[in-house]
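Protein sequence lines correspond, in order, to chains P and Z. Here the first sequence is numbered in my numbering, starting from 1 and rising by one per residue. Here the second sequence is numbered in my numbering, starting from 1 and rising by one per residue.
In short, the hints are calculated from the structure, not lab data. Where a beta carbon is used, it is the ideal one built from N, C-alpha and C, also for glycine. A few of these clues could be false.
Calculated cross-link-like contacts (lysine to any residue; reagent style SDA-like; alpha-carbon spacing at most 25 Å) [claimed, not checked]:
1. P/44 to Z/18
2. P/68 to P/95
3. Z/98 to P/62
4. Z/43 to P/64
5. Z/98 to P/40
6. P/44 to Z/111
7. Z/98 to P/97
8. Z/43 to P/71
9. Z/43 to P/98
10. P/47 to Z/99
11. Z/75 to Z/5
12. Z/43 to P/43
13. P/44 to Z/98
14. Z/64 to P/34
15. P/47 to Z/90
16. P/47 to Z/30
17. Z/75 to Z/100
18. P/44 to Z/43
19. Z/43 to P/74
20. P/106 to Z/111
21. Z/64 to Z/11
22. P/47 to Z/100
23. Z/75 to Z/99
24. Z/43 to Z/108
25. Z/43 to Z/87
26. Z/98 to P/43
27. P/44 to Z/117
If you want the ones that stay clear, here's a sample from chain P, every Cβ over 12 Å from chain Z, calculated [claimed, not checked]:
28. 10
29. 11
30. 12
31. 18
32. 25
33. 61
34. 64
35. 67
36. 71
37. 78
38. 79
39. 80
40. 81
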Amino acid sequence: QSALTQPPSVSGSPGQSVTISCTGSSNDIGSYNYVCWYQQYPGKVPKLMIYDVTQRPSGVPDRFSGSKSGVTASLTISGLQAEDEADYYCCAHSNDYSLMFGGGTKLTV
Amino acid sequence: EVQLVESGGGLVQPGGSLRLSCAASGFTFSNYDMFWVRQGPGKGLEWVSTIGTSGSTFYPDTVKGRFTIARENAKSSLSLQMNSLTAGDTAVYYCARKLLRRGWYLDLWGRGTLVTVSS
Numbered sequence: 001q002s003a004l005t006q007p008p009s010v011s012g013s014p015g016q017s018v019t020i021s022c023t024g025s026s027n028d029i030g031s032y033n034y035v036c037w038y039q040q041y042p043g044k045v046p047k048l049m050i051y052d053v054t055q056r057p058s059g060v061p062d063r064f065s066g067s068k069s070g071v072t073a074s075l076t077i078s079g080l081q082a083e084d085e086a087d088y089y090c091c092a093h094s095n096d097y098s099l100m101f102g103g104g105t106k107l108t109v
Numbered sequence: 001e002v003q004l005v006e007s008g009g010g011l012v013q014p015g016g017s018l019r020l021s022c023a024a025s026g027f028t029f030s031n032y033d034m035f036w037v038r039q040g041p042g043k044g045l046e047w048v049s050t051i052g053t054s055g056s057t058f059y060p061d062t063v064k065g066r067f068t069i070a071r072e073n074a075k076s077s078l079s080l081q082m083n084s085l086t087a088g089d090t091a092v093y094y095c096a097r098k099l100l101r102r103g104w105y106l107d108l109w110g111r112g113t114l115v116t117v118s119s
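Please model the entire structure based on the sequences and the hints provided.
This is the structure we're talking about:
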């Protein structure tokens, strides 16, 4: 069982917005801003989409945004496109040198 | 080209051992913390180990005492020695590089190598 909880699946229509949640605890998401999101297509390697809760690496479209409230982090994808259909994993760590991933959310467009 | 290439995966019996390797190229390997992350069949991502630039190592409880991560900067190489393997260790094992900033964010991943533990 993952230490970070994500919904197994979400769906949306092209052009709409969807939000994927990631719930942790006061020991990780609730206390630190070390939260990230990865996108993974079937059979492909994960790609970093968001780090430090809200930051996008170079090349990631600004349709992808991150946020956090309490012990829950969220990834919002606006203006959904067919190419956004993938699995999304949140990640978090604290100062105890352990890295956690969520169980993953399958986005269907 | 900036890349990571894993090797060494294969079929191993329960209780057996396997050593994975990761060859880095296109960047200054010694400047980066490196990770192993695995993904079981149809499952999510799972952190396996970390080695810092100074050689400090970190493991989750699930592999601590069984797995050993090491690096050889002169060869731009990362390894993972896996002992006492169980069926639960069956997964694709990815080598990954940490972003050059605070936070354990992985910005470069290899394509992975499959480890199957079965009799």
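Here is what the structure says about each hint:
1. P/44 to Z/18: 24 Å, holds
2. P/68 to P/95: Given that 25 Å is the threshold and the Cα spacing comes to 18 Å, the pair holds.
3. Z/98 to P/62: 22 Å, holds
4. Z/43 to P/64: Roughly 24 Å separates the two Cα atoms, so the pair holds.
5. Z/98 to P/40: The hint holds at about 17 Å.
6. P/44 to Z/111: 7 Å, holds
7. Z/98 to P/97: The hint holds at about 13 Å.
8. Z/43 to P/71: Holds, at roughly 24 Å.
9. Z/43 to P/98: 19 Å, holds
10. P/47 to Z/99: With a Cα-Cα distance of about 12 Å, the restraint between residue 47 of chain P and residue 99 of chain Z holds, given a limit of 25 Å.
11. Z/75 to Z/5: 13 Å, holds
12. Z/43 to P/43: Cα-Cα ~12 Å, so holds.
13. P/44 to Z/98: Holds, at roughly 19 Å.
14. Z/64 to P/34: Holds, at roughly 23 Å.
15. P/47 to Z/90: 22 Å, holds
16. P/47 to Z/30: With a Cα-Cα distance of about 22 Å, the restraint between residue 47 of chain P and residue 30 of chain Z holds, given a limit of 25 Å.
17. Z/75 to Z/100: 20 Å, holds
18. P/44 to Z/43: Holds - the C-alpha atoms of residue 43 of chain Z and residue 44 of chain P are around 14 Å apart, at most 25 Å.
19. Z/43 to P/74: Answer holds: residue 43 of chain Z to residue 74 of chain P is near 21 Å, not above 25 Å.
20. P/106 to Z/111: 21 Å, holds
21. Z/64 to Z/11: 22 Å, holds
22. P/47 to Z/100: 16 Å, holds
23. Z/75 to Z/99: 21 Å, holds
24. Z/43 to Z/108: Roughly 20 Å separates the two Cα atoms, so the pair holds.
25. Z/43 to Z/87: 14 Å, holds
26. Z/98 to P/43: Roughly 22 Å separates the two Cα atoms, so the pair holds.
27. P/44 to Z/117: 22 Å, holds
28. 10: The claim stands: residue 10 of chain P keeps its Cβ more than 12 Å from every Cβ of chain Z (closest is about 15 Å).
29. 11: 19 Å, holds
30. 12: Given that every Cβ of chain Z is farther than 12 Å from that of residue 12 of chain P, nearest at about 21 Å, it holds.
31. 18: 19 Å, holds
32. 25: Non-interface label on residue 25 of chain P holds, nearest chain Z Cβ at 16 Å vs cutoff 12 Å.
33. 61: The claim stands: residue 61 of chain P keeps its Cβ more than 12 Å from every Cβ of chain Z (closest is about 17 Å).
34. 64: 15 Å, holds
35. 67: 17 Å, holds
36. 71: Fine: 18 Å to the nearest Cβ keeps residue 71 of chain P off the interface.
37. 78: 22 Å, holds
38. 79: 25 Å, holds
39. 80: 22 Å, holds
40. 81: Check passes; 23 Å lies beyond 12 Å.
Checked against the numbered hints listed earlier, the structure breaks none of them; every hint is satisfied.
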